[in-house]
Structure formats: structure tokens, C-alpha cells
Amino acid sequence: MSSQLSSQKVRKPGERIFCLLLIVVSIFLFWQAYQIAGFSSLSSSGAFPLAASATMVLASCVVFVNTLKLPAAEGIQFFRHCLPPVVSIIMAIILLYAVVIDSLGFILSSFVFLFVCIQLLYRRSPLFTLAISIVSLIVVYIIFRLVFQVVLPEGIVPEREIIAQITSWWSN
Amino acid sequence: MDALHFFATSWLSPELLGLTALGTFLGIYVGAIPGLSVTMAVSILISFTFSWDVNNALCLMVGVYMGGVYGGSRTAILLNIPGAPSAIATAMDGYPLAKKGLAGEAIGLSTVMSVIGGFVGIIVLALAAPTVSEFAITFQPRDYMMLGVLGIMLVGSLSGNSLAKGIFAGALGLLIGTVGLDPMSAEERFTFGVVELWDGINPVAVMIGMFGVSEALHQLHHMDKAVVKQKISRIIPKLSDVKKYLPLSLQTSFIGVIIGALPGTGGDIAALMAYDHAKRTTKNPKVPFGEGAKEGLIAPESANNAAVGGAYIPMLTLGIPGDAVTAVFIGALFIHGLNPGPMLLVEQPQMFWFTVGNLTLANIFVLIFGLTGIRLFSKIVECPKGILIPLIFLLSIVGAYAINNAVIDIWWMFAFGVFGYFMRLYGFPVGPVILGVILSSLTDENWRRAILTESGSLGNFFAHIFTSPLSSVLFLSILLIFFSKTSLWNKGLKPLLFRTKQKP
Chain A
0 MSSQLSSQKV
10 RKPGERIFCL
20 LLIVVSIFLF
30 WQAYQIAGFS
40 SLSSSGAFPL
50 AASATMVLAS
60 CVVFVNTLKL
70 PAAEGIQFFR
80 HCLPPVVSII
90 MAIILLYAVV
100 IDSLGFILSS
110 FVFLFVCIQL
120 LYRRSPLFTL
130 AISIVSLIVV
140 YIIFRLVFQV
150 VLPEGIVPER
160 EIIAQITSWW
170 SN
Chain B
0 MDALHFFATS
10 WLSPELLGLT
20 ALGTFLGIYV
30 GAIPGLSVTM
40 AVSILISFTF
50 SWDVNNALCL
60 MVGVYMGGVY
70 GGSRTAILLN
80 IPGAPSAIAT
90 AMDGYPLAKK
100 GLAGEAIGLS
110 TVMSVIGGFV
120 GIIVLALAAP
130 TVSEFAITFQ
140 PRDYMMLGVL
150 GIMLVGSLSG
160 NSLAKGIFAG
170 ALGLLIGTVG
180 LDPMSAEERF
190 TFGVVELWDG
200 INPVAVMIGM
210 FGVSEALHQL
220 HHMDKAVVKQ
230 KISRIIPKLS
240 DVKKYLPLSL
250 QTSFIGVIIG
260 ALPGTGGDIA
270 ALMAYDHAKR
280 TTKNPKVPFG
290 EGAKEGLIAP
300 ESANNAAVGG
310 AYIPMLTLGI
320 PGDAVTAVFI
330 GALFIHGLNP
340 GPMLLVEQPQ
350 MFWFTVGNLT
360 LANIFVLIFG
370 LTGIRLFSKI
380 VECPKGILIP
390 LIFLLSIVGA
400 YAINNAVIDI
410 WWMFAFGVFG
420 YFMRLYGFPV
430 GPVILGVILS
440 SLTDENWRRA
450 ILTESGSLGN
460 FFAHIFTSPL
470 SSVLFLSILL
480 IFFSKTSLWN
490 KGLKPLLFRT
500 KQKP
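Here the protein sequences come in this chain order: A and B. In case it helps, numbering that gives the first Met the number 0 puts the first sequence at residues 0 to 171. In case it helps, numbering that gives the first Met the number 0 puts the second sequence at residues 0 to 503.
These aren't lab readings, by the way, just hints derived from the structure by calculation. Just to be clear, a hint being listed does not mean it is correct.
Using 25 angstroms as the maximum straight-line C-alpha spacing, the simulated PhoX-like pairs for lysine-lysine come out as follows [claimed, not checked]:
#	chain 1	residue 1	chain 2	residue 2
1	B	K484	A	K68
2	A	K11	B	K484
3	A	K8	B	K237
4	B	K237	B	K99
5	B	K243	B	K282
6	B	K285	B	K243
Derived list of chain B stretches under chain A, where covered just means 3 residues or more per stretch with a C-beta under 8 angstroms from a C-beta of chain A [what the hints assert, rightly or not]:
#	region
7	176-187
8	385-398
9	403-417
10	421-435
11	442-454
12	473-484
What you are looking at is a predicted structure, and each value in this text was computed from that prediction instead of being measured. All C-beta atoms in this analysis are idealised placements derived from N, C-alpha and C, irrespective of residue type, glycine included.
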């Protein structure tokens with residue numbers, strides 16, 4: 000949260016483009032809001048979205064103008080300080096994880112996800128990472144799947160059969 | 000008598016008692032571990048607990064909230080890293096105390112004072128909420144609409160450094176909240192012909208994205224911060240200290256409740272204002288402020304926990320969240336089929352007294368867990384970020400999926416996570432977005448009701464604002480916030496009016 004509170008008196012690289020994109024998106028949304036009911040009446044279903052998107056257009060224009068006035072930050076590069084490689088890599092891994100979680104199932108995809116991320120961020124021996132990933136996955140699984148009864152994608156691992164097998168062993 | 004019975008619900012059931020204890024315990028750690036925030040934890044918890052019985056879910060989340068607000072002080076004292084925004088003021092004198100080797104004493108004192116603050120907040124909640132709620136029944140639709148706008152404006156103007164950015168974020172949230180079929184006329188809004196969008200974008204997915212994923216992505220910037228170890232010995236504070244600082248603690252607790260009860264202001268602002276109050280009223284501090292004055296530790300800690308009780312007042316009686324955490328909480332109440340608002344106390348008094356009892360219980364657990372288990376604590380807080388952050392991502396994804404057992408919510412969460420990352424990067428506050436999403440339908444519906452009663456005339460609408468004192472006050476407050484933050488005021492009027500005031 001501290002990043003939110005620090006005062007910003009310089010323009011970071013990419014900030015102008017981001018603010019410009021916000022204007023473009025706001026205008027697009029304003030147009031979409033207009034499509035709902037036009038300017039027919041103040042109590043129509045489109046009135047409130049129109050007001051909200053108009054506010055967005057105005058506010059983003061003000062932000063853009065204010066940003067243009069700021070001096071560019073010195074010694075800050077977009078791909079080193081704003082979007083370092085590690086952030087983009089992790090974003091890509093999460094995206095991949097979201098794609099495969101439904102087909103591969105929670106256990107398998109989460110295990111790979113944890114292993115890759117922890118190895119990337121913590122940089123210890125692979126064996127250590129393996130142990131940490133397995134332990135944390137087991138803890139998460141017990142807490143959420145078994146205690147909280149959260150339904151998780153099963154995928155290709157026959158989870159229910161395994162649990163049924165274990166409970167039958169247990170009762171014997 | 001009934002009230003007492005409802006109050007004791009969670010005290011007498013072992014299950015609810017256990018869940019409150021668990022929640023408080025978790026909350027203290029969540030609050031203390033830098034990179035984990037209470038908002039993040041409560042948003043993720045909603046998705047896991049929404050199939051539960053409402054009482055169980057509320058016990059756990061109330062515990063996390065109460066514990067989390069307190070827990071932030073721990074790392075503020077030990078590491079000079081506030082675990083939560085409400086602990087920023089705590090670090091100013093707490094860390095110098097720790098550097099002098101008084102970390103244990105500082106933690107003990109801040110625990111006791113937090114609990115005192117917490118109780119003041121709860122008592123005010125119990126006494127004031129019924130009155131506020133009676134008053135709130137007289138509110139017109141336009142008052143609700145303006146209250147919603149006011150809340151977003153306050154959060155927008157206080158949480159960032161630019162009002163325009165705050166307003167943009169709030170309007171974006173309001174817009175996200177309108178996606179889907181219009182509840183009043185069933186017209187499609189922003190659905191682009193996609194049937195999956197008819198139900199709208201799930202606010203929990205937005206919350207997890209904005210507070211969980213984007214925050215964790217930002218943490219990747221500071222992976223290599225070294226952890227400083229502190230030796231902690233005695234933690235139970237001296238009775239003489241508690242007695243000596245009790246008046247200050249009570250004063251700042253009242254500041255905390257009032258600030259917490261205002262829509263849009265929460266524990267962080269309450270703590271800073273309390274710190275300022277302590278600084279102004281303490282004539283001859285034994286140790287100067289900023290160098291380890293106990294007054295500077297007690298004031299913010301009492302205030303930020305008192306603000307919890309305060310924040311519940313508008314949340315339960317008006318349905319207006321005070322800050323991001325209460326916005327998430329209101330989301331949870333809606334999901335469990337409760338309607339926070341003036342009718343809650345009339346229709347479901349058991350919910351109100353149950354919550355009051357719950358907060359009290361959680362506060363007692365803060366005292367118990369706060370004064371014990373410090374060894375375990377220092378172990379857990381040292382958990383390396385390289386392991387912690389992947390786990391946050393994992394929980395965020397599982398949490399988003401668990402809302403509806405649908406992969407689409409993971410996509411929304413991811414999209415808002417990445418967008419939130421860039422918003423934070425360029426100084427846009429994300430709190431107003433969530434507040435906007437939660438308040439969207441309330442503001443929209445009340446706007447339409449208000450304008451319908453004025454038979455669609457904007458002129459009548461504004462004319463009637465000034466016939467009601469409440470509407471006038473709300474309207475003027477909105478204008479005041481707007482103009483006090485624009486350059487017209489800062490460059491033109493302010494220097495004229497406050498010329499004599501010199502900056503120290």
C-alpha cells in the first residue's frame with residue numbers, strides 16, 4: 000500500500016501512454032453507454048452509466064493534462080523499474096496457470112505453478128523447492144478442499160477415487 | 000434481553016467461538032506480514048466462505064478484520080514496515096522504541112491500548128447505531144445517492160495524491176458495477192451480446208484482482224529486503240504505564256470512532272489524526288516525538304482499532320462502506336443475503352447484536368493472542384517473500400474460481416490484477432474502484448428513484464435538495480471536497496484565507 004501513498008512529482012515512463020489509453024477506453028465506454036438508451040430520459044437504464052463514463056472521460060483528460068506537465072523521471076526505465084522482467088514472467092505464468100487449471104486439474108497445475116514460481120523467486124536448490132511446494136500444496140488442499148469444502152477443478156487426476164480409497168483404508 | 004441473547008450467540012457456541020479465535024489469530028498474522036493486507040485476506044476469504052452458514056463466515060471475517068488492524072502494528076514496531084496502512088503512524092514512534100531495545104514493551108503497550116480502543120469503538124457502535132438507523136429511515140433516495148457519491152469522493156480524495164485520479168477510479172468502479180442486466184428494466188448494459196456478462200462482473204473477482212494479485216505483483220519489486228531481527232523480552236506492559244496513558248488512549252479512541260464512522264475515512268486517517276492530537280496535547284513528552292515517545296505509539300494504536308467499531312456504524316445502518324475493507328465486508332453481507340441498511344436493525348436485530356458480540360469477542364482474542372506467542376510470531380513473519388508471494392497467487396486463483404466454480408472469474412481477476420498493477424504504478428488509488436463497484440447499484444437505483452419522484456426534472460431535483468437540511472449538508476460536503484482539492488482553492492483562495500499560517 001505504501002506505493003499508493005508516496006507522492007509522485009515526476010512522470011514515470013509509460014505514464015503518458017497509460018493515461019491516453021484510459022481516455023480512449025473511457026470514450027469507448029461512453030459511446031457504449033450512449034447505445035443503451037441514448038439521451039432519452041434522466042431515469043433510463045443508460046443515464047447512470049452515461050454519467051459515470053462521462054466522469055471517466057473528464058477525469059482521465061485532467062489526469063492526462065496533469066501528467067504532461069510533469070517532468071520526466073530521470074534514470075528510470077520502463078522495463079527495469081516499472082515492469083521488470085520478473086513481473087511480466089510471473090504474469091505470463093499466472094495466465095498459463097489459468098488456462099490449464101480446468102483441463103489439468105487443481106493438483107497438477109498448482110504443483111507446477113508453485114514449483115516454478117518458488118524456484119524463480121526464492122532461488123534455492125530444486126530439491127528444497129520441491130519439498131516446499133509439496134508441503135504448501137498439501138496444506139492448501141487440506142484447508143480449502145477438505146475443511147472449507149471448496150470445489151476445485153479435478154482435471155486428469157482422479158481425486159475423488161483417491162479420497163474414497165483413503166477413507167476406505169482408514170475405516171478398515 | 001433479546002439483545003443480550005443475540006450478543007452472546009458467538010460466545011456460547013464452541014464452533015463460533017473457535018472460528019472467531021481462528022479469524023483473530025489469522026488476522027494478526029495477515030496484518031503483520033508485510034505484503035498481506037486485511038482487504039486482501041477478507042476478499043479471498045469471502046470466496047471460500049460464501050457457501051457456509053452466515054454466522055460462521057461472519058465470525059471468521061470479523062476476527063480477521065479486528066486482528067488485522069492490530070497486527071499491522073507489530074511489523075511497524077519491529078521492522079519499521081507498517082503491515083497495514085493503519086499502522087503507518089505507529090511506526091513513527093514504535094520503531095525508535097524497538098531500536099532502543101524496548102520492542103517487547105512497545106508491543107505489550109500497543110496491544111493493551113488497541114484493545115481499549117477496540118472496546119470504545121464497540122460501545123459507541125452499540126449505542127449509536129440504533130439512533131443512526133432510526134434517523135436513516137427518514138433518508139430520501141437522493142440522500143442515499145449523494146451519500147454514495149460522497150463516500151467515493153472521500154476515499155478518492157484521501158487515498159491518492161490527485162483528486163482526478165481518485166474520481167476516475169471511483170467512476171470506473173461505478174461503471175463496472177453496472178455491467179449486466181439492469182435490475183430495474185432488465186436491459187443489457189455493456190454486455191456486448193455476451194450471455195456470460197448478463198450477471199455482471201463478480202465484485203469478489205474484482206476485489207481479489209485489485210487487492211490480491213496487483214498488490215502481490217508490486218511486492219515483486221522489493222524481493223530482496225533484508226529482515227532485521229529484534230530481541231524481545233518482556234511483553235506484558237507495566238500497570239503504571241497503562242494507568243498513566245489511559246486518558247490519552249480514551250481521547251484518541253473517540254477520535255478514532257468518529258473518523259471511522261465518516262464515510263470514506265478509515266483506520267489509517269484516524270491513526271494519523273490521533274498521532275497529531277497526541278503531539279499537540281502532550282506538552283512535555285519524556286522522550287520527543289519521533290524518537291520513541293510512548294504517547295506517539297498509544298494514540299494511533301487506540302484510534303485505529305476504535306475506528307473498526309466506528310466503520311461498522313455507516314456500514315450496518317446505511318449500507319455505505321467507510322473504506323475498502325468495509326466495502327469488501329458489505330460485499331460479504333450481500334452474498335450471504337443480508338441487506339445492510341436502515342432496515343437491518345428492524346428486520347434482523349439478531350444480526351446486529353450478533354456482530355457487536357462478535358467484535359467484542361474478537362477484541363478479547365486480540366488481547367490474548369497479542370500478549371502471547373511472540374516466538375512463533377517472529378518465526379512466521381520471517382517467512383521469505385519468495386514462498387509467500389506464489390502462495391498468494393495460488394490462493395487468489397483458487398478463490399476466484401471458488402466464487403462460481405467458473406474459470407471466467409479467474410480471467411476477470413487476472414485482468415483486474417494486471418490493470419490494478421498499472422493503476423498503482425502510476426499513482427491511481429484502487430480503493431475507490433472497489434467502493435464504486437459495491438455502491439454502484441445503490442447509487443444507480445436511488446438516483447433513478449429520486450429523479451422519478453421529481454418527474455424527470457433536474458431543476459426540481461436541485462431545488463428540493465435545499466429544502467431538506469440533510470440533503471443540503473450532503474450536497475455542500477460533496478462540493479466542498481471537490482473544490483478543496485482543485486487548484487482553484489489551493490492556488491487562489493487558500494493563500495488568501497490562511498496567509499498567516501506558516502509551515503513549521
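Hint by hint, which ones does the structure fall short of?
As far as the earlier hints go, 3 and 12 are violated by this structure, in ascending order.
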